[in-house]
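Trainee: Here is what each chain is made of, one letter per residue.
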Amino acid sequence: MSSNRPSSESPTKPDSTPRFWNDPDKRALIFQGLIVLALGAFILTVVSNTLHNLEQRGITTGFDFLSVEAGFGILQSLIPYSEADSYGRTFIVGLLNTVLVSFLGIIAATFLGFLIGVGRLSKNWLLAKICAVYVEIFRNIPLLLQIFFWYFAVLRTLPSPRQSFELFGGYLNVRGLYLPAPILEDGFGIVWTALIVGIVATWLFKRWADKKHDESGREYPVGLIALGLIVGLPLLVFFFAGAPVTMDYPALKGFNFRGGVTLIPELIALWLALTIYTAAFIAEIVRGGILAVPHGQLEAASALGLPRGRTLRFIIIPQALRVIIPPLTSQYLNLTKNSSLATAIGYPDLVSVFAGTTLNQTGQAIEVIFMTMAVYLTLSVLTSIFMNWYNSRSALIER
Amino acid sequence: MKYDLQPTLPPPANSTGLIGWLKRNLFSGPLNSLATLAILYFLAISVGPMLKWALIDADWIGDSREACSSGGACWVFITHRIDQFLYGFYPETEYWRIDTTFYIFAACIAWLVIDKTPYKGYVAAFTLFVFPVIGFYLMYGGGFGLDVVETHKWGGLSLTLILAVIGIVAAMPFGVILALGRRSDMPIVRSLSVIYIEFWRGVPLITVLFMASVMLPLFVSEEVSFDKLLRALIGIIMFQSAYMAEVVRGGLQAIPKGQYEAADALGLGYWKSMGFIILPQALKLMIPGIVNTFIALFKDTSLVLIIGLFDLLAIVQAALNDPEWLGYSTEGYIFVALVFWVFCFGMSQYSQGLEKRLQTGHNTR
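Residue numbers (numbering that gives the first Met the number 0), protein chains in the order written: chain P, 0 to 398; chain S, 0 to 364.
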């Protein structure tokens, strides 16, 4: 019980200091000391056991294995990779593949999630109900099952290359999606320059227009001019330069397609499943964020005479985003972590390549799992740093 | 001057009843009408054939793929193997043991969930402390004249439920301790709790399962050997306790400061004020959060297939590769999806209902 309660049994010592085991500070000190000791003993046991077990199995510890030749092929690689490359390079290849599918998934899931979240608030009853049904179906089915469905039940049952479907100007078959790829020729650099000029000019014009607006209240068509500068100018330059781009169309040669870009079915299945699953959660976040803007804000905006478009842009979206962005970032992190399910269908991501094949071949369980976990931990620390920064920034705007 | 009030006219016919509802909700403007028609068309071309395939043209009864001749879904694949999907490789004569365990558990949960049943506290204590012992002896055997059924024979839906329920129940006490640790004044205790929680929350469950299956045997001395199921469970519990700790912390933070101060003013020590004042109130607030983490865990148990355990998804996946039944993957996945969906949707509805109820109780302060 509390240490500084006046004790009725010992009236003879009215201002005695409490005995040391009753002093909260000392007790805390002793307790923490014991915890540190216990933890130390635990770690010591684990380390000595591990060293002993590794010795028994003839595994040497350390990161030397990273420079050893890997000797296995990887289905998809964003950087040049061959079997002669090292285990260290398999780590980079896997990491880049994780980044690729997460990036694609985040873009698509954000887009779909916002559409469905706004759709759920639609005045059209049918649309709102369909969006609600979408959310309830897809967030209540395990992601792994959805990945399996897209991979084994849909993409694996597609026809062979000779009977491919035509899709978006490309071909879809059991080996993947073959899309035409643009090949930039020599004169294309000038188009990039025009794009950069357009962006800088838009930024300068926006600043000038905002200043004028503050001074005189005059409005300039910033949106139209930005469109002209960023899209129109590069397009104009592109055609004047003689359209320096050729398309590389995939063509059937022998038993398979060549040319263009290929999306392997593992990537498509993972991308689809991650997008559809995460979009259900993002939709709920978006809906919650929009509903969190108090109705009085809308009334205040219309009392000020703001038209509907500007109410949306200046009143609703900024306030809704403040609620939406923190949980949205954690959904992005979840999506990235969930992309590790790739290993179940053999998409060569970090876990599948590095914590799978590399671990099995080298037996360096501790180093490999440590490096894999470190990647995800770094990502999650970066995310929480961003969220703290964002929270403190949006808290400043608040009154 | 004298005038009579005219009787109020009824509202126009097209603004009430079914027509009014349709006009307001589906055809309130040209754009809306267009959207409605487009959606109706889309539903007609997609849902209609789907229902025809799944229900009308489907085959339900039989014991080989020859029974599937009508061109629709072949549910024979499911009905023929339903025992395996539910019980895994458990011996057929012992199915009653899983059934009994399940019924006891279902009865306990029903008792706890339904309003106004008496002795909730005793039933909760029974479920948490006595039932696991009964369940263990029923499922595993090795006592009371029951044969031992090795864990590698467990599988199917029963294994999914076992993993999820044990995972959440065993993670609960660790979660409470970690949450208290995170809110403690002692710097070492606090930082250790934060490190533990953030570490497990930062890594994907799959790496945790890999770690549990590959690294755990390295960590212990050679004489100790872990069952594969036990290793998976240890991984799940460590992972889940971090999430549980955050739920508990949320509950603790929702308790008004006055409650802590009142407990201090009564002269209660740390453990008494936590045990009698704070936790009982906080636990009530945590139930929706606990149910939500349970749903997430329930879905995540499907990952154990990667380390070679046969949960519901894994056992269906294995059955799909049976050469006699090739080509029925859609039916298999739809069945698994339906089972998971029923459980998850039911639980999420319960937790949402509870959240609403708890909120009205809490806003009155």
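Quick caveat, the hints were computed from the structure, so don't treat them as lab data. Here the structure is a predicted model, which is why all the values come from computation and not from measurement. There's no promise every hint is true.
[What the hints assert, rightly or not] Result set (DSS-like, lysine-lysine): computed pairs, CA atoms no more than 25 Å apart in a straight line:
no.	chain 1	residue 1	chain 2	residue 2
1	P	Lys128	S	Lys119
2	S	Lys119	S	Lys271
3	S	Lys283	P	Lys128
4	P	Lys128	S	Lys22
[What the hints assert, rightly or not] Footprint (simulated), chain P over chain S, 3 or more residues, beta carbon under 8 Å:
no.	stretch
5	31-40
6	136-142
[Stated by the list, open to error] Computed Cβ-Cβ distance ranges for the label pairs, DEER-style:
no.	chain 1	residue 1	chain 2	residue 2	range
7	P	Phe313	S	Asn320	32 to 42 Å
8	S	Val193	P	Leu77	33 to 43 Å
9	S	Ala317	P	Arg307	53 to 63 Å
10	P	Ala373	S	Ala105	56 to 66 Å
11	P	Pro317	S	Pro186	37 to 47 Å
12	P	Gly253	S	Ala317	53 to 63 Å
13	S	Ala261	P	Asn21	15 to 25 Å
14	P	Gly39	S	Glu323	55 to 65 Å
15	S	Val46	P	Leu114	17 to 27 Å
16	P	Leu376	S	Ala37	39 to 49 Å
17	P	Leu290	S	Leu42	51 to 61 Å
18	P	Asn390	S	Glu323	53 to 63 Å
Don't be surprised by glycine CBs; every beta carbon is placed ideally from N, CA and C.
Trainee: All hints, please: hold or fail.
Mentor: Against the structure, the hints:
| no. | hint | verdict |
| --- | --- | --- |
| 1 | Lys128/P with Lys119/S | violated (38 Å) |
| 2 | Lys119/S with Lys271/S | holds (22 Å) |
| 3 | Lys283/S with Lys128/P | violated (32 Å) |
| 4 | Lys128/P with Lys22/S | holds (16 Å) |
| 5 | 31-40 | holds (count 5) |
| 6 | 136-142 | violated (count 0) |
| 7 | Phe313/P with Asn320/S: 32 to 42 Å | violated (58 Å) |
| 8 | Val193/S with Leu77/P: 33 to 43 Å | holds (36 Å) |
| 9 | Ala317/S with Arg307/P: 53 to 63 Å | holds (56 Å) |
| 10 | Ala373/P with Ala105/S: 56 to 66 Å | violated (43 Å) |
| 11 | Pro317/P with Pro186/S: 37 to 47 Å | holds (39 Å) |
| 12 | Gly253/P with Ala317/S: 53 to 63 Å | violated (35 Å) |
| 13 | Ala261/S with Asn21/P: 15 to 25 Å | holds (22 Å) |
| 14 | Gly39/P with Glu323/S: 55 to 65 Å | holds (58 Å) |
| 15 | Val46/S with Leu114/P: 17 to 27 Å | holds (20 Å) |
| 16 | Leu376/P with Ala37/S: 39 to 49 Å | holds (46 Å) |
| 17 | Leu290/P with Leu42/S: 51 to 61 Å | violated (27 Å) |
| 18 | Asn390/P with Glu323/S: 53 to 63 Å | holds (57 Å) |
Hints 1, 3, 6, 7, 10, 12, 17, counting from the list given before, are not met by this structure.
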